[in-house]
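Sequences listed follow chains A and B, in order.
Take 1 as the starting number for the first sequence in our numbering and just add one per residue.
Take 1001 as the starting number for the second sequence in our numbering and just add one per residue.
FYI, nobody ran anything at the bench for these hints, they're computed from the structure.
Fair warning: this is a prediction, and the values are worked out from it, not measured in the lab.
Mixed in with the good hints there might be a few duds.
Said to hold, decoys possible - Facing chain B, according to a computed beta carbon distance under 8 angstroms, are these residues of chain A, among others: (1) Phe34; (2) Tyr39; (3) Arg42; (4) Gly43; (5) Leu44; (6) Phe46; (7) Lys49; (8) Ile51; (9) Phe90; (10) Ile102; (11) Ile103; (12) Phe104; (13) Gly105; (14) Ser106; (15) Gly107.
All C-beta atoms, glycine included, are put in the ideal place defined by N, C-alpha and C.
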Amino acid sequence: AQSVAQPEDQVNVAEGNPLTVKCTYSVSGNPYLFWYVQYPNRGLQFLLKYITGDNLVKGSYGFEAEFNKSQTSFHLKKPSALVSDSALYFCAVRDYSSASKIIFGSGTRLSIRP
Amino acid sequence: AAGVIQSPRHLIKEKRETATLKCYPIPRHDTVYWYQQGPGQDPQFLISFYEKMQSDKGSIPDRFSAQQFSDYHSELNMSSLELGDSALYFCASSQRTGGINTEAFFGQGTRLTVV
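Work out the full structure, taking the sequences as your base and the hints as a guide.
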């Protein structure tokens, strides 16, 4: 069975500082990994994905994520946080062998203070 | 660019009533997913369809059913509504390329309130 863990319910960062939102995964086969962002009462917006290739993937709004197979992690990062980055972030995984469903982590609320 | 369209955006129903949620996927997307997100919860996978056939099933109650039509739009039918069904319901779509689905794109959701 596939699963995703986001160990931090909340991450607080000062504007201009780097941010990291953590994610670890568990799948039986090769993972497809995603990050989504959710603003209040809105849908989930796709940020970036890892399918294969370079371990560092770049996405929307200056976000990037690093795939680490040995640590089964896919942490989301941004070099310089903006107040507008404050939102709920979900890590998600799709098992290559289970082509249909995407499983989400519990979410991490990112709060950027001015 | 066209996005996933869900209707209605808001719905208020009484207990034991029925509700139908509609989803119009991004053009040329062949896979549709339904998710339920309770307050402060992560999205829970309900069911998915590929080329109008059910492809995967998650924690969808027996009171709920869904289908994908010939034009690829999908409907989630919910009967005997309970207070606990109050949630945000998301539809998402993706395109299977080379036998593989990658990322899914989500609609704005339907907020269902059962009173």
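Phenylalanine 46 of chain A as an interface hint toward chain B, with CB separation required under 8 angstroms: The hint holds - phenylalanine 46 of chain A has a Cβ within 8 angstroms of chain B, the shortest such distance being about 5 angstroms.
Restraint outcome when phenylalanine 90 of chain A is required to lie within 8 angstroms of chain B by C-beta distance: Holds - the Cβ of phenylalanine 90 of chain A comes within 8 angstroms of chain B, reaching about 6 angstroms at its closest.
Restraint satisfaction for isoleucine 103 of chain A [CB to CB of chain B, less than 8 angstroms]: Hint holds; isoleucine 103 of chain A Cβ to chain B Cβ min 7 angstroms, cut 8 angstroms.
Chain B contact restraint on isoleucine 102 of chain A - CB to CB distance below 8 angstroms: holds (6 angstroms)
Cut-off 8 angstroms, beta-carbon criterion: hint that serine 106 of chain A touches chain B: For serine 106 of chain A, the interface hint holds, since the closest Cβ of chain B sits about 5 angstroms away, which is under 8 angstroms.
Status of the hint placing glycine 107 of chain A at chain B (closest C-beta pair under 8 angstroms): holds (5 angstroms)
Closest C-beta approach of glycine 105 of chain A to chain B relative to 8 angstroms, hint status: holds (6 angstroms)
Glycine 43 of chain A as an interface hint toward chain B, with CB separation required under 8 angstroms: holds (4 angstroms)
Interface hint outcome for phenylalanine 104 of chain A [beta carbon to chain B under 8 angstroms]: holds (5 angstroms)
Hint check: 8 angstroms Cβ-Cβ cutoff, leucine 44 of chain A to chain B: holds (4 angstroms)
Interface hint compliance - lysine 49 of chain A to chain B, C-beta minimum distance less than 8 angstroms: Since the shortest Cβ distance to chain B is 5 angstroms, the answer is holds.
Satisfaction of the tyrosine 39 of chain A interface hint, Cβ to chain B closer than 8 angstroms: violated (11 angstroms)
The earlier numbered hint that this structure contradicts is number 2, and it is the only one.
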